[in-house]
Amino acid sequence: MLDIKFLRENPEIVKQNIRNKFQDTKLPLVDEVIALDKENREIKQEVESLRAERNKISKEIGKLMGQGKKEEAEEVKKKVAASGARIDELSAREKEVEEEIKKRMMVIPQIIDPSVPIGKDDSENVEIEKFGEPAVPDFEIPYHTDIMESFSGIDLDSARRVAGNGFYYLMGDIARLHSAVIAYARDFMIGRGFTYCVPPFMIRSDVVTGVMSFSEMEAMMYKIEGEDLYLIGTSEHSMIGKFIDQIIPEEQLPLTYTSYSPCFRKEKGAHGLEERGVYRIHQFEKQEMIVVCRPEESKIWYDRLWQNTVDLFRSMDIPVRTLECCSGDLADLKVKSCDVEAWSPRQKKYFEVGSCSNLGDAQARRLKIRIQGENGKYLAHTLNNTVVAPPRMLIAFLENNLNEDGSVNIPEVLRPYMGGKEKLIPSK
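The numbering of the sequence shown is the numbering used here, which starts it at 35 and goes up by one.
No false leads were slipped in.
Per label pair, the in silico range of CB-to-CB distance: (1) Pro148 / Pro171: 41 to 49 Å; (2) Glu109 / Gln406: 47 to 55 Å; (3) Ser186 / Pro62: 53 to 61 Å; (4) Gly227 / Ala69: 43 to 51 Å; (5) Pro329 / Glu109: 53 to 61 Å; (6) Arg449 / Pro62: 53 to 61 Å; (7) Ile258 / Lys164: 40 to 48 Å; (8) Ser186 / Leu61: 54 to 62 Å; (9) Ser186 / Lys164: 33 to 41 Å; (10) Arg195 / Lys72: 58 to 66 Å; (11) Pro296 / Gly225: 19 to 27 Å; (12) Asn437 / Lys136: 51 to 59 Å; (13) Gly260 / Lys136: 20 to 28 Å; (14) Lys113 / Gln286: 48 to 56 Å.
Just so you know, the hints here were simulated from the structure itself, not pulled from any lab data.
Note that the structure is a prediction, hence the values are computed from the model and not measured.
Note that the Cβ used here is the ideal one computed from N, Cα and C, for glycine as well.
Could you put together the complete structure from these sequences and hints?
Okay, structure coming up:
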């Protein structure tokens, strides 16, 4: 959410930012907010003036009563009562206006970083850099669920009977590999100085609206019926929510966490071959990283965060690339974002395995996350990035480590988490 003072003083910048994000239907909101803001300030000014006048004439009542001028005192009382009624009327309207302002401000997008490429959707995202040499073996690579089934490692049919589409049972070596990747990612991030955390897997509505836009909320979140609780779509939601309405001493920054959680998502509109299997699902597990820092440090942390994911994948010999998200592909709260994509030898292309985002002060403004510095309080900046999400990561892992005989190599860094195994041997 933008600072209303910034919007008031820079309406054309805000409008151009909306155009850059190809959300022209939101353009009228800027003028509506300016008009409501003007009304709100006028109301406050009138209320303040009325209260000052009421206080002044209220003092006259006692003086007149003391002088025996009861009739004059009664007239003054009527003025005080009328003034009070007007104040109540204005205060009620003030509350309505502020709600209307907030409603509109919550959907006006954050000002994007000048470095963000302008583009309509993810088809116009821009490749930044490749890490590792993508290779295609001279044998056919099966679909990822077929590889898993060769190890008796997945059961989608039973999952459909139990929970419907978009769920899975992982078993045996594949389930162990899944847990190994999560454990390795946890220790990898601890080794980089991040504090490990397991957060709540449900959050209240005030946290939901604090960490994401309404469109994201509608597309992603599962609501717990009859309660003010939502299942998290990523641990970033509850990790940033940890600091709601908090004032953080400047000397404690930056706060760096790596958090584990299951994630629950509606995933509306998923379709096609590559959307089946475990690529786009309603439930998965993820290791996340989040940072709360001073505004001047957020760009530095942004580069460190995506680099962590690149380094993790490269430590397992998986080729990856980074992709700059264009303006039209940025969620409303994001200032800048890039995707990390892993190489798929089967598809002969890269696919998304993680996303790194700098949200500036958007989440902090909504959640009132402030920093106490020498010169007073100011809003923090928040960032997040995927360390690893095993369902998609498993696809990249299995395809890039598959041998022609159907066995799968275990990289050295994962062997301690796999009981020392160097290779998985198919059971079928």
